[in-house]
Each structure stands twice: as structure tokens, then as C-alpha cells.
Amino acid sequence: MSVRVTIDGQEIQARSGDNIIDVAAQNGVYIPSLCYVKGKPCLGTCRTCSVKVDGSVMAACTIPVREGMEIEVNDDAEIVDMRKALVELLFSEGNHNCPSCEKSGRCELQATGYEVDMMVSRFPYRFTPRVVDHASKTVFLQRDRCIFCQRCVDMVRDERTGKKIFSIKGRGTHSSIEIDAELANEMTPQQVRHASDLCPVGCIIDKTQGYDDPIGQRKFEIKSIKDRALEKEHR
Amino acid sequence: MSTEVQSVLSCYSSDKTRLMDMLWDVQNQQGYISDKAITQLADGLKMSSDDVRETLTFYHFFLDKPFGKHQVYLCNTVIAKMNGYHEVREALEQEIGCTFNRVDDSGLFGLGDANCIGLSDQEPAMMVDHVVFTRLTPAKVKDIIGQLKQGKSADEIANPDEILNTKQDYVEAIVDANLRTESRVLFKPNRDYKSILQKCLDTNIPEDVIEMITESNLRGRGGAGFPTGLKWKMGRKAEGAEKYVICNADEGEPGTFKDRVLLSHSPKDVLLGMIAAGYAIDSRNGIIYLRAEYWYLKDYLQQQIQDFRDDGLLGNKVLGKDFEFDIRIQMGAGAYVCGDETALIESCEGKRGTPRVKPPYPIQQGYLGMPTSVNNVETLACASRIIEKGAAWFSDMGTEDSTGTRLLSVSGDCEKPGIYEIEWGTTLNEVMTMIGAVDPRYVQISGPAGDSLSVEQDGEREFCYSDLSCNGSLMVFDHTRDILAIVRDYSEFFVEESCGICVPCRAGGVDLMHKMERIIAGRGTEQDLEEITTWSNLLKGTSRCGLGTAAPNPILATLDKFPEIYAEKLVVQKGPLLPSFDMDEALSAHELAVNNLMKEGE
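Protein sequence lines correspond, in order, to chains A and B.
Going by numbering that gives the first Met the number 0, 202 is the number at position 203 of the first sequence; the sequence numbering is gapless.
Going by numbering that gives the first Met the number 0, 192 is the number at position 193 of the second sequence; the sequence numbering is gapless.
Since the hints were derived computationally from the structure, they do not count as laboratory data.
Heads up, the beta-carbon is just placed ideally off N, CA and C, and yes, glycines get one too.
Do not rely on the hints blindly, as some may be mistaken.
Stated by the list, open to error - A few chain B residues facing chain A, derived, Cβ under 10 angstroms:
{"no.": "1", "residue": "Ala41"}
{"no.": "2", "residue": "Arg52"}
{"no.": "3", "residue": "Phe57"}
{"no.": "4", "residue": "His59"}
{"no.": "5", "residue": "Asn189"}
{"no.": "6", "residue": "Asn315"}
{"no.": "7", "residue": "Ala334"}
{"no.": "8", "residue": "Val356"}
{"no.": "9", "residue": "Pro358"}
{"no.": "10", "residue": "Tyr360"}
{"no.": "11", "residue": "Cys501"}
{"no.": "12", "residue": "Val509"}
{"no.": "13", "residue": "His513"}
{"no.": "14", "residue": "Arg543"}
Turn these sequences into a full structure, and let the hints steer you where they fit.
What follows is the structure in C-alpha cells.
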């Protein structure tokens with residue numbers, strides 16, 4: 000069933016039940032997100048896809064479109080700044096040092112930082128000490144960079160038993176990402192690559208892969224995260 | 000495999016949705032949940048060990064390391080701090096012989112903090128091994144710890160007359176009820192539950208019950224005020240192989256304790272409300288989610304449920320009708336966020352208490368994916384009175400949009416803290432007189448997540464859903480109290496209780512707390528106040544659940560009501576330097592260092 004909604008004042012047709020991120024992308028409007036993966040159940044953790052729906056702030060990945068919805072993505076200065084603030088908050092909460100990071104150029108957080116025009120975080124940098132976990136043979140867990148998106152927790156499972164390989168320990172600001180080293184050792188190279196690609200930051204690092212692509216030829220340098228997000232829709 | 004863990008697993012048929020119960024059983028047997036036990040549980044449940052830890056480490060009272068034979072948790076609320084908390088804390092450290100968050104050398108005691116444990120009318124209070132001790136003083140602490148050292152159990156000390164823990168007298172021996180008002184709707188003694196239910200089932204089809212509740216205009220007492228009749232109507236309409244009724248007894252909002260008193264003085268009102276809900280929405284299963292802090296009510300409540308089974312009010316055929324309903328108790332383990340209905344459901348399913356993404360709402364897809372009506376303890380108790388006395392009797396009380404009465408848990412600076420049943424429409428000033436507040440300045444209603452009131456400005460406002468929509472917590476502070484320190488404590492509370500799943504609440508909450516600390520330290524500027532406001536709006540707008548959206552409330556509301564207390568703390572810019580930079584202090588270090596060196600030289 001088809002519904003009519005407006006995005007930044009422009010009226011568009013959309014399929015009922017599709018979420019706002021997908022509908023916007025189908026119509027050429029990019030909404031940043033660091034946890035949503037198209038085709039997977041929405042996680043709703045990063046909130047960087049926040050938009051205004053009929054005047055209220057909502058996470059676009061969590062909301063299915065409804066007839067008559069008025070969605071503001073870029074027309075409202077406050078919501079644009081809120082998305083930017085959330086990205087900045089992530090940079091100050093963890094320890095993100097892009098120039099030395101293996102994921103630089105392939106990192107969704109870094110790429111999104113560029114998209115939202117972030118220069119520096121407005122929040123005080125915390126420099127929280129976080130410990131690297133290198134116990135598994137396949138994966139470095141660089142906890143400095145974890146943004147707790149939960150993609151790996153929900154979407155990476157042991158292929159034989161279906162058990163969780165990644166999990167969260169503790170709660171709130173005391174949380175940490177954990178890896179079951181035994182199960183991680185059983186991961187195939189393809190699965191390790193999948194987990195590392197799924198990670199929107201440089202937290203899950205494939206031990207066999209380093210700084211593979213030269214500067215200038217890295218993933219988001221060849222094509223921006225925005226273009227990639229929109230292009231998937233037009234394919 | 001240890002036979003203990005094995006028997007725990009088989010007790011719950013290795014059903015991983017019962018992980019909370021299994022963790023409690025293991026901890027109650029072994030004192031803590033060892034790595035070995037975690038592995039055994041994980042193997043039995045076909046989960047990874049870290050997956051079990053995911054649940055375990057989420058909850059304050061689950062222990063993955065030994066934490067003493069006796070686990071002592073001192074409640075650290077702002078109300079406790081107004082009543083001698085610091086002296087009691089010191090006494091505990093001294094008597095036990097270790098500092099907080101440690102185990103003493105003998106391994107006899109573990110000493111820790113707890114957020115509000117539902118005893119604000121008798122603080123300072125502490126939990127020791129599932130029992131509580133109230134109105135603590137250093138002398139009382141010395142006595143209790145001394146007796147524990149002599150080998151007595153916490154239960155023997157709190158209940159010296161050895162009253163059976165299934166009796167109301169047992170609860171009375173441990174905590175005071177402090178019921179301050181005559182019954183209007185709630186706490187009606189000597190009700191004949193069997194004939195009330197019999198009459199209800201004989202004369203009403205489920206739709207009639209829903210209609211009655213709708214007509215009474217009963218609204219959820221947890222705070223949101225959702226119409227109960229509408230919720231049940233949606234529950235009836237919702238399709239599912241099973242349906243569930245959950246009583247939310249995870250009363251975690253600091254300053255609230257009405258559910259504790261309802262569950263100890265009118266437990267069967269609540270059970271009857273659950274049966275009515277089950278009948279209305281066509282559910283066979285009820286769950287009471289009881290916070291771990293109320294462990295001392297567990298056996299007593301279990302007995303109340305058993306009484307109902309024995310009398311035929313619960314079971315395969317409730318009072319001979321073709322209606323099946325039974326109730327079980329699910330224990331929580333210390334997580335404020337589980338008061339959110341979807342987090343509570345996750346917890347009931349053995350997982351971390353993380354609020355779900357909504358929609359879908361629990362009434363469509365809740366516990367185990369099935370339609371679930373989650374209702375507050377007080378709402379259910381009210382419902383049981385409505386089916387007895389009728390909708391009109393109930394809606395005659397209160398105001399047009401807020402019918403019936405409201406229980407207030409009153410604490411802080413007043414002569415008579417305790418439970419008050421007020422008719423909706425009562426003003427703040429009337430309540431202040433009722434409770435004997437001598438010099439009230441600031442009142443925090445609905446807990447830290449609620450609103451901050453100035454008695455001077457808000458005195459004539461009414462308690463009702465369209466104005467002071469209070470969830471039952473009411474904390475009073477007089478003119479001697481340090482409001483900024485209270486607000487900082489509330490910010491810390493939200494930081495500690497944030498589940499951490501969404502960015503604004505997890506990360507932004509910490510920054511708001513730091514801002515408060517900066518202002519209290521006298522280093523804040525006008526810009527800090529502006530940032531507090533915009534950052535607060537970020538949390539309010541973008542957080543995933545009510546915890547994050549409410550976390551900035553105490554700051555924003557006190558900024559609005561008491562701007563002068565913030566203003567007088569601010570530093571103003573002098574000269575070209577940052578206002579937060581104190582030139583004299585920065586230079587004084589040099590003089591100090593020189594002086595110290597001179598002294599050493601002598």
C-alpha cells in the first residue's frame with residue numbers, strides 16, 4: 000500500500016511500512032546513521048538519524064512512514080544540529096584518533112563526521128582509558144573506538160551454534176564490548192571480514208588486514224558515505 | 000558439572016528466558032555467580048558465557064565475584080543524606096573494617112551503595128542479605144554489624160520474634176507502613192475478594208469490565224497516565240496465541256514507596272486487579288515484576304497468591320468459570336530502567352533491561368512477543384475497587400480528567416513522612432499543610448524524572464494529569480537545603496542507571512553531570528548555562544526511552560524555578576582571560592611551592 004508523506008516540504012509517495020531512512024534515501028535525501036543496516040531489524044542505538052516527524056524528534060530508522068507524515072530532515076536547523084551533536088558526542092566519549100586508525104577512510108563515524116560538517120567536538124574530550132582485547136587469533140578489539148551500536152552483538156553469530164560472539168558487559172557509561180575468544184577463533188576469514196566491515200568504526204579489526212589502501216584511494220574517499228547510502232537505493 | 004547449577008537448570012527446564020531466576024538461585028546458593036557457574040549455565044542454555052554475563056553484569060545486585068558472606072548495601076539518596084547518611088556510612092566502614100565497594104579482610108562482609116530502595120520515609124536505610132534495616136544511626140549500625148559478626152543472620156536480627164515471613168506482621172516488623180490518611184479508594188480493610196470477583200464474573204462479560212474501567216476514567220498511575228480501559232481494550236483486540244498481564248512492581252523512582260505499602264497492606268487488591276485485567280484481555284498468565292529491593296515481600300506475596308489459589312480465585316477454572324488465570328513473581332535485580340515497561344519485559348525474558356524500540360508497543364507485542372498489558376501496582380489496586388463499587392463511585396472523586404485518588408509517597412523536610420491518599424485536584428499548598436512541612440522551599444515531584452516545584456510559585460497548582468501529573472513521589476526540601484547539590488545527585492543517579500544503549504543518554508548524561516559539578520565548584524559561566532539548556536534538549540529529543548528524556552529534568556526545572564541559585568555561582572569574565580581561569584589560584588601554586596621548599600630547607 001502506498002502512502003503520501005512530505006520530506007522537507009516535498010510531497011512524495013512511499014510504501015507503507017518502510018522506515019523513514021529508506022524512504023528518504025529512495026527520494027535522494029540522505030539521513031546519516033551509524034547503527035542501521037538496510038534489510039536488518041533496526042537497532043535504534045546511535046540516534047544520529049534523528050529527524051522531526053510532525054514536529055517531534057524521532058529516530059528515522061525506528062519509524063515506519065504513515066499517511067500524511069511531515070518529515071523534516073534538513074529544513075530545520077535544530078534537528079540538523081542535533082544530529083551533528085550526536086556525532087560529536089561519540090568523538091568525545093571514545094578515543095578516536097583518525098590519522099593512526101586502520102579504519103581511517105573506511106570508517107563510517109569519520110565519514111559521517113564529514114557529512115555533518117563537524118570540525119571539533121563541542122563536548123569535552125574524556126580520554127577514558129579503555130583496554131584493547133587481543134586474545135582472539137582473528138580479531139583485535141580496539142575498545143577505544145567502540146560506539147556501542149550493537150551491530151556485531153546482533154548480527155554476528157557463531158555459524159555452527161548460533162551463539163553470540165560479541166556482547167556488552169556492564170551498563171551505561173561503564174559498558175564495554177566483549178569478544179568470546181574461543182568462538183572468535185572459529186570464525187572463517189570471510190566472517191572476520193564481514194564483522195570488521197560491519198563495525199562502523201575501527202573497533203573490530205581483522206588481524207590479517209592493516210592499512211591496505213593508500214590515502215586517496217580509501218573507501219569513502221572514492222565515494223562518500225552519502226553517495227553510497229543513496230546509490231544503494233537506485234541500483 | 001556442579002549438581003547445584005544442574006538442578007537450577009532443570010528447575011527451569013533450561014529455558015533461557017528464565018535466566019534472571021537462575022542467576023538468583025545460583026547466587027543465593029553460592030553467594031555469587033562464579034566463572035564456573037556462568038560456563039555451566041551457558042552450556043546448559045546453549046549460549047556463550049559472555050551472553051550470560053551480558054545479563055548478569057547489567058544488574059546492580061548480581062555478583063560475578065565474591066562480595067562477602069553478608070552483602071550490605073547502604074542507600075545513598077538525597078533524602079538519606081539529609082538524615083545522617085554520612086555518619087552511618089562512616090560507622091559502617093569502621094564497624095566492618097573496609098571502605099565501600101570492597102570486601103573486608105575476613106570475607107564476612109561486602110559493602111556497597113544502593114540507589115533508592117523504597118524507604119525514603121525511614122532513611123537512612125540499608126539492605127543486608129535481602130532484609131532491610133531502617134532509621135539507622137551509628138549506634139544501630141554497630142549493634143547490627145556486631146550481631147552479624149556473632150553469627151546471627153540478618154533475618155534473625157531484623158525479625159527477633161521469628162515471625163513467619165509469609166505473614167503481614169513480618170513485613171511490619173521490618174519496615175513501618177506510615178499510612179497517614181483514612182482510606183478513600185485504597186487500603187480498604189476486610190474486603191471479601193471472593194464475592195467481589197464472583198459478582199464481577201457472574202454479571203459481566205470481559206467487554207463489560209473494559210467498559211466499566213473506561214467509564215471510571217482510570218489512568219495509569221505509573222506516571223504516563225495512559226487510560227487503563229483503552230489499554231485493556233487494545234489488549235483484548237490484539238491477536239496472540241497467549242496474552243500476558245504484568246504488574247509493574249519495579250518501583251524504582253527515587254522517593255517512591257507507595258507500591259511497597261500497597262503490596263504489604265493490600266496485596267490482594269493488586270492480585271484482584273490482575274485477575275480482572277486477565278479476564279478483560281483474555282490472558283491466562285500474570286507476572287508480578289518485583290524489584291529486588293523488595294525481596295522481603297516475596298514470600299509474603301507468594302502466600303497471598305497461594306491463598307487465592309486455595310480459594311479458587313486463581314487456577315484452571317477461576318471460581319468455576321471457563322477462565323484460567325495464574326500469577327508468578329519475577330524478581331528484578333537492581334536496575335531503575337526496568338521501570339520502563341519494555342525494559343521490564345526484556346528483563347522478564349532473562350535479558351538486559353534495555354528498553355525496546357517502539358513501535359511495536361507491548362499491548363501489541365510484549366512478553367515473548369505476545370500482547371501484554373503492563374500496569375502499575377496502584378492502577379491494578381484501583382481497578383479492583385472499581386469492579387467492586389462501580390465506575391461512577393470512582394469517577395465522582397477527583398477532577399474531570401483525573402478521577403479517583405492518588406497515593407503520595409512523602410519524604411524529606413516534613414513532620415509526617417509516609418503514605419497519603421489524596422483526591423486528585425488537591426493543591427500543593429494543601430499537601431504541604433497535610434504533611435506538616437514547616438518551611439518548604441523546593442518540592443521534587445515524580446522523582447528526579449519528574450518536575451521541580453517552588454512552593455512559593457507553584458503552591459496553588461493542583462495534582463491532576465493536566466497540571467501536576469505526579470507518579471506518587473514527593474520529596475520536600477526546606478530553605479536550609481543545597482538545591483544544586485541535590486540536582487547534581489540526581490544527574491549522577493541518571494548516569495548510574497542509564498542502560499547505555501543510546502548515545503545521548505549514555506554519553507550526554509555524563510556531560511550534564513560534569514556541567515553541574517563545574518557550576519557547584521564556582522567555575523561555571525553564562526555559556527555553561529546555555530550549553531546545559533541545548534545539551535538537555537538534545538537528550539530530551541533524541542534519547543530512546545523515558546530515562547534519557549527525563550534525565551535533564553531536574554536541571555532544567557530548577558534553572559527555571561530557582562535561577563538565582565545558579566546565577567550566584569557563576570563567574571564573570573575579568574579581563575582577557577577565560578572566566579573559568581583563576582589567575583590568583585594559578586599563581587598561588589608557585590608561592591606555595593617556594594614556601595614548601597623553604598620549609599624543607601630549614
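Hints numbered earlier in the text: which of these fail when held up against the supplied structure? Hint check: 5, 6 and 10 fail, others pass.
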